[in-house]
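Protein chains: 2
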Amino acid sequence: MIKEKGILFVLSGPSGVGKGTVRKALFEKDTELKYSISMTTRAMREGEQEGIDYFYRSRDDFENMIQNNKLLEYAEYVGNYYGTPRDYVEETLESGKDVFLEIEVQGALQVKKNFPEGVFIFLFPPSLEELKNRIVSRGTETEELVKNRLLAAKEEIDMMDAYDYVVVNDKIDHAVEKVQSIVRSEHCKRERVAKQYKKVLEADLG
Amino acid sequence: MIKEKGILFVLSGPSGVGKGTVRKALFEKDTELKYSISMTTRAMREGEQEGIDYFYRSRDDFENMIQNNKLLEYAEYVGNYYGTPRDYVEETLESGKDVFLEIEVQGALQVKKNFPEGVFIFLFPPSLEELKNRIVSRGTETEELVKNRLLAAKEEIDMMDAYDYVVVNDKIDHAVEKVQSIVRSEHCKRERVAKQYKKVLEADLG
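Respectively, the protein sequence lines represent chains A and B.
When you read off a place in the first sequence, starting at 1, and then add 96, the result is the number in my numbering.
When you read off a place in the second sequence, starting at 1, and then add 96, the result is the number in my numbering.
Don't take each hint at face value.
Chain copies aren't distinguished; within one or between two, either way the pair holds.
Said to hold, decoys possible - Pairs of lysine-lysine residues, derived as DSS-like cross-links and limited to a Cα-Cα distance of at most 27 Å, are as follows:
1. 285 x 101
2. 120 x 130
3. 295 x 250
4. 120 x 291
5. 130 x 243
If you're looking for bench data, these hints aren't it; they were derived computationally from the structure.
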């Protein structure tokens, strides 16, 4: 039987852009996506559960996983490690489910390095959209201010280069609709679909 | 001002797969897409209009356009030429509108050669889906029949290789939803979006 593998989707973008809000709204609409569960060295809190809120590991275990490249990304924050376990992601994808990871830019770039076959979505602040309009009506701003805004925009655009898609978060439901379209259309990509079909044919035509 | 260019979408697939039905259902939902208008040497019929139904040209003019590579594809059918005029497509895209072309496989492959930046969608008959299930329950069919079906499927899959997406036409509204997702997500492709933003930045930062 052909079982289509899941796809890892990584939603990222500058802090404050609204990644969490978009992800939450997306998960309310799409119950098929699996949210990636992080691993941490911090203690389990009241009401939390292993494998639901986090995978809880000792510092030694975590550092061992870092050594063995068992994390798609990790970071230390207030004395504790947090990271994305590769095995959990790969097993979920193998089972045919898409995995959705919401993460800041540095983490996303680590995932990109360790799992380039993921689909990377950059959530963009609506400010460049505004910037576009601003540039149109040039002359109403000082040259200095326009230049500063453009330089800030340039930095954001350079970060974008590692990503497959850019979604402007002008309105949450627009952004969610676009992310859903990306998820759907990625499953129609010829490379993926043809590969599946070809596997069957090779197996049966020899 | 940044004006995003339109995208040429080409919907194609084996004859009888339901291209026309999917295209019609899509256009009922999406009024933003522009349908590509063909050029022909056949006489204008009662009620038809230049630039609405077709662009009508003499045989000499048409052959001149072929010579000058002014057609994205063409074919002769019952003594008349039919083709897709490059200028019309390019002007529509420049104006910021997407162009949608529904065409058989040979024509699509010509368009691909002449306009590789188009997005090519292969509408796939649901039979391979059925085939998948059939293969699963092997033994209920003769080996010969399964092999023939697989060979037919192989030919279709080889045709797919020139395409960007494959949409299985199992149900019309599923297929339409997928095509809509492809249209939406293509507009979020980083290469397109970043290129637009970069143009502005280059112009303004020098």
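Okay, the hints, checked on the actual structure:
For a Cα distance limit of 27 Å, the shortest separation of residue 285 from residue 101 qualifies both inside one copy, at 13 Å, and across copies, at 22 Å. For the identical chains of this complex, residue 120 and residue 130 are intra-copy neighbours only, at 12 Å inside a copy versus 35 Å across copies, given an alpha-carbon limit of 27 Å. Taking the shortest alpha-carbon separations for residue 295 and residue 250, only the inter-copy value of 11 Å comes in at or below 27 Å, while the best intra-copy value is 43 Å. Taking the closest pair of Cα atoms, residue 120 and residue 291 never come within 27 Å of each other, the shortest separation being 32 Å inside a single copy and 30 Å across copies.
For the identical chains of this complex, residue 130 and residue 243 are neighbours neither inside a copy (42 Å) nor across copies (37 Å), given an alpha-carbon limit of 27 Å.
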